[in-house]
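**Q** Construct the entire structure; sequences and hints are all you get.
There are 4 protein chains.
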Amino acid sequence: MWREEDNKLKKSFQFNNFSEAFAFMTQVAFLAEKMDHHPWWANVYNKVEVELTTHDAGNTITDKDKKLAQAIDKLLEKK
Amino acid sequence: MWREEDNKLKKSFQFNNFSEAFAFMTQVAFLAEKMDHHPWWANVYNKVEVELTTHDAGNTITDKDKKLAQAIDKLLEKK
Amino acid sequence: MWREEDNKLKKSFQFNNFSEAFAFMTQVAFLAEKMDHHPWWANVYNKVEVELTTHDAGNTITDKDKKLAQAIDKLLEKK
Amino acid sequence: MWREEDNKLKKSFQFNNFSEAFAFMTQVAFLAEKMDHHPWWANVYNKVEVELTTHDAGNTITDKDKKLAQAIDKLLEKK
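Residue numbers (the working numbering), protein chains in the order written: chain U, 3 to 81; chain B, 3 to 81; chain A, 3 to 81; chain F, 3 to 81.
Calculated from the structure, these hints are not laboratory results. Just so we're clear, the structure is a prediction, and the values are computed from it rather than from any experiment. Incorrect hints may have been included.
Any copy, or any two copies together, can satisfy a pair, since identical chains are not distinguished.
To be verified - Below 25 Å or equal to it, Euclidean Cα-Cα: the simulated SDA-like pairs (lysine to any residue) are:
{"id": "1", "residue 1": "Lys66", "residue 2": "Glu7"}
{"id": "2", "residue 1": "Lys76", "residue 2": "Gly60"}
{"id": "3", "residue 1": "Lys10", "residue 2": "Glu79"}
{"id": "4", "residue 1": "Lys12", "residue 2": "Gln72"}
**A** Written as C-alpha cells, this is what we have:
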C-alpha cells in the first residue's frame, strides 16, 4: 500500500535477496525513463524504499506520481 | 530444458515483454560475475537465448557451465 | 561505424570487461524502451553485437533504426 | 572523497542524467554481489548517495567497506 506522507507517495518493498531487489529496480528504472519521471529511492540488500513527488509542481503529489505508483505495483502483480 | 549442441549448453527463454526479459538478464549477469563465468547470449524484445561453454577448457561443457545453468533455472523457479 | 548488411544496421562494441559491457547494455535498454524499438543483440564477456531492423516495416532499415543507432553512439561519446 | 560519519563511509556521486547514474549503480551492484557486501544507497535522477558500513561487525567501518569504496572509485577512474 502506498502511503501519503510529507506530500509524497511512499512504499516499501521487500524481496528474497539483493539480486531480486535490483532486478525490480531495473524494471522501475525503465518505467521512470519512459515516463520521464524519476523516483527517489533507497536500497539496502533485499529492501527498496520508493518515494514519489513532483518537483516541477512544487513537490506535491500529482497524477504523474499516481501513474508511476500504479505501474510499479503492476510489475509485481505479473510475477 | 537445456539442450547439448555443438559442445554448448543452450536454452531459450521467453518473457511477457522486454522489461521482464532484461530484468532476468540482470540477474543472470550477477551470477556470471559472481562465478566469473560469462554466457554467450542474445536478446530481442521478450526472448533470451543463452549458450554456455568453457572457453578455457577448449570450448567444451564443464561443471562451470552446468552450475551456471542450474543457477539460471533457479532464478525462474523462485518467481 | 554502423554497417548495412542483410537489411540491418550492425555494429560491434568492445569494452574493458563484462561489467562495462553490461552497463552499456542497460543504457541501450533504456533507449529501446523509451523509443519502443528493441534491438537484436548478443553479448559475451566484453563484447556486444547490435543489429537494428524494423520488423513492422518488413524487416527493413527505417528512420527508427537510424535514430536508435545515433542514440546508442551518443552514449559512448559522452564518456 | 569518502567521508567518515556515524560509523559509515559516505560519498555522493553526480552524473549527466538518470541513465548514466543507473548504469553506475548496475556496476556497483556487480561489485556488491561479488563481495557479498551490499551498500545502503539512494538515488534521485542523476544523483547517487552511497553509505557503507558492516552490519555483522556491529555497524562499524571495516576492511570490507574500504575495499568496496576503492572498487567503486575505480569504476569511475576507468571512464
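**Q** So, against the hints stated earlier in the document, which numbers end up violated here?
**A** Violated: hint 2 alone.
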